[in-house]
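Construct the complete structure from the given sequences, taking the supplied hints into account.
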Amino acid sequence: MHDHDDDHEHAHGHDHDNHYSDMQARVKALETLLTEKGLIDPAAIDAIVETYETKVGPRNGAHVVAKAWSDPDFADWLKRDATAAIASLGYTGRQGEHMRAVFNTAETHNLVVCTLCSCYPWSVLGLPPVWYKAPAYRSRAVIDPRGVLAEFGLTLPEDKKVRVWDSTAELRYLVIPERPEGTDGMDEQALAGLVSRDAMIGTAVAGKPESLT
Amino acid sequence: MNGPHDLGGQMGFGPVAPEKDEPYFHAEWEKRALGITLSCGAFGAWTIDESRHARENIPPAAYLAASYYEIWIRGIDKLLERHGFATRAELLSGHAQQPGAVPKRVLKADMVPGVLAKGGPCDRPVKTAPRFVAGEGVKTKNFNPVTHTRLPRYARAKTGVVEAVQGAFVFPDDNAHGEGENPQWLYTVVFDGAELWGGDADPTLTVSIDAWESYLEPA
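Taken in sequence, the protein lines are chains A and B.
Our numbering puts the first residue of the first sequence at 1, with every later residue one more than the last.
Our numbering puts the first residue of the second sequence at 1001, with every later residue one more than the last.
Simulated from the structure, these hints should not be mistaken for laboratory data.
All C-beta atoms in this analysis are idealised placements derived from N, C-alpha and C, irrespective of residue type, glycine included.
Hints should not be assumed to be uniformly reliable.
[As the list claims (entries may be wrong)] Here are the computed lysine to any residue pairs in the SDA-like style, where the Cα-Cα straight-line distance is at most 25 Å:
#, chain 1, residue 1, chain 2, residue 2
1, A, Lys161, B, Gln1166
2, A, Lys133, B, Ala1061
3, B, Lys1158, B, Gly1119
[Unchecked claim] Some, not all, of what chain A presents toward chain B, calculated at C-beta under 7 Å:
#, residue
4, Met23
5, Val27
6, Val49
7, Leu89
8, Thr92
9, Pro135
10, Val142
11, Glu151
12, Leu154
13, Trp165
Here's what the structure looks like:
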């Protein structure tokens, strides 16, 4: 039987791996209990996991960005009503109900954080990475964004304005990075290949076309 | 509440550590933790605001030591017990011992695509007109409720500008405590770095929050 006290840290010390195996047992016990009580369907859990492992991820957001780069009317729509514009590409649902698109420009770089929990636009980026949910990022993005960006290998020009969006409500922010130079002849699919998850959070910029070769 | 979750501006956590080609999950139990949390959310017994508050109430030392899915599991345990779906003894034993509360629905596999695609919109109609307009100066209130709030500590008693009126949304400070949705107008309010952090702030920095109307006063 595992320690199940919510309100006090385990008295015994243990290393990271042991901590994880504690959680393995604890979550297994919880799933067993809830299944016995008829409250959950393990097959539904499988379906949820499969959705976020294979169907809903940053490729959705990259498609949105590539279309915004290629189609000025779509970019306009995205500025005015991101929820509807993104839904027109088939990306809707949980943690994407109220979308806002924020456009990087020559003057301003946007960075998204949730200092209070882990709000993140699941419908276009999938599940957030560990660093996005961890205290180092959540604490520093609002006070020292350039320091944070440097840890991602991104150094902005000194005069570039940095705009940080703290997702304190149910609006979910998608950064539209600047379209890289030398991409004039590229179609949407090729452009999407330049758009990383981090570029849509604001901890990176879009890749250069030579990065594809 | 001024809980361990309210991290903006805190120091000492070290560098951000991005993992190259990070997998979606780092252990099998994380997959189950995600699925259990979403499945239990489908009961319709509690709101997203109550679930956030359950996580915020984890004592600071435990919260900061826990991985994110561990925080979720600690939160789900509390919610299951509070709403009568499981007793503490059952949670400890991992086996059913007695009947419990009956959920409004149980999420079955065939319902998953529809439920995830639908999500849970939080915008609501209100009869009042917004009190503030875009471009208007506002000051956030100084308060320290022991209950749930989405006004971070670093942005309290600060002067900023309304950048956008975003519509009316469920008010989490009430909704987290079963006091109803009580929707209010929501505003994107932008602050200069120096207003939040003083003279040493990055001069190019602005930070915005999304603030419910009752968080704000005219500047």
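Mind checking the CB of methionine 23 (chain A) against every CB in chain B and telling me if the closest is under 7 Å?
At 5 Å from the nearest chain B Cβ, methionine 23 (chain A) passes the 7 Å test, so the hint holds.
Interface restraint verdict for glutamate 151 (chain A) against chain B (beta-carbon cut-off 7 Å)
This hint holds: glutamate 151 (chain A) lies near chain B, its Cβ roughly 5 Å from the closest one there, short of 7 Å.
Against chain B, run the beta carbon of threonine 92 (chain A) and see if the smallest gap drops under 7 Å.
holds, 6 Å
Hey, does the leucine 154 (chain A) contact hint survive, CB to chain B under 7 Å?
violated, 11 Å
Status of the hint placing valine 142 (chain A) at chain B (closest C-beta pair under 7 Å):
holds, 5 Å
Does lysine 161 (chain A) pair with glutamine 1166 (chain B) here, judged by a C-alpha cut-off of 25 Å?
Given that 25 Å is the threshold and the Cα spacing comes to 23 Å, the pair holds.
Verify the interface restraint on proline 135 (chain A): the C-beta must sit less than 7 Å from at least one C-beta of chain B.
This interface hint holds because 4 Å falls under the 7 Å limit.
So, tryptophan 165 (chain A) near chain B? Judge it on the closest CB pair being under 7 Å.
It holds, given that the least Cβ distance between tryptophan 165 (chain A) and chain B is near 6 Å, below 7 Å.
Would you check whether leucine 89 (chain A) satisfies its interface hint, that is, whether its CB is within less than 7 Å of any CB in chain B?
violated, 13 Å
Hint check: 7 Å Cβ-Cβ cutoff, valine 49 (chain A) to chain B
holds, 4 Å
Once the shortest beta carbon distance from valine 27 (chain A) to chain B is found, is it less than 7 Å?
With Cβ-Cβ at 4 Å, under 7 Å, it holds.
Pairwise hint evaluation, alanine 1061 (chain B) against lysine 133 (chain A), where the allowed Cα distance is 25 Å at most
Holds, because 17 Å separates the two Cα atoms, which is no more than 25 Å.
In terms of the numbered hints stated before, the structure departs from hints 3, 7 and 12, listed from lowest to highest.
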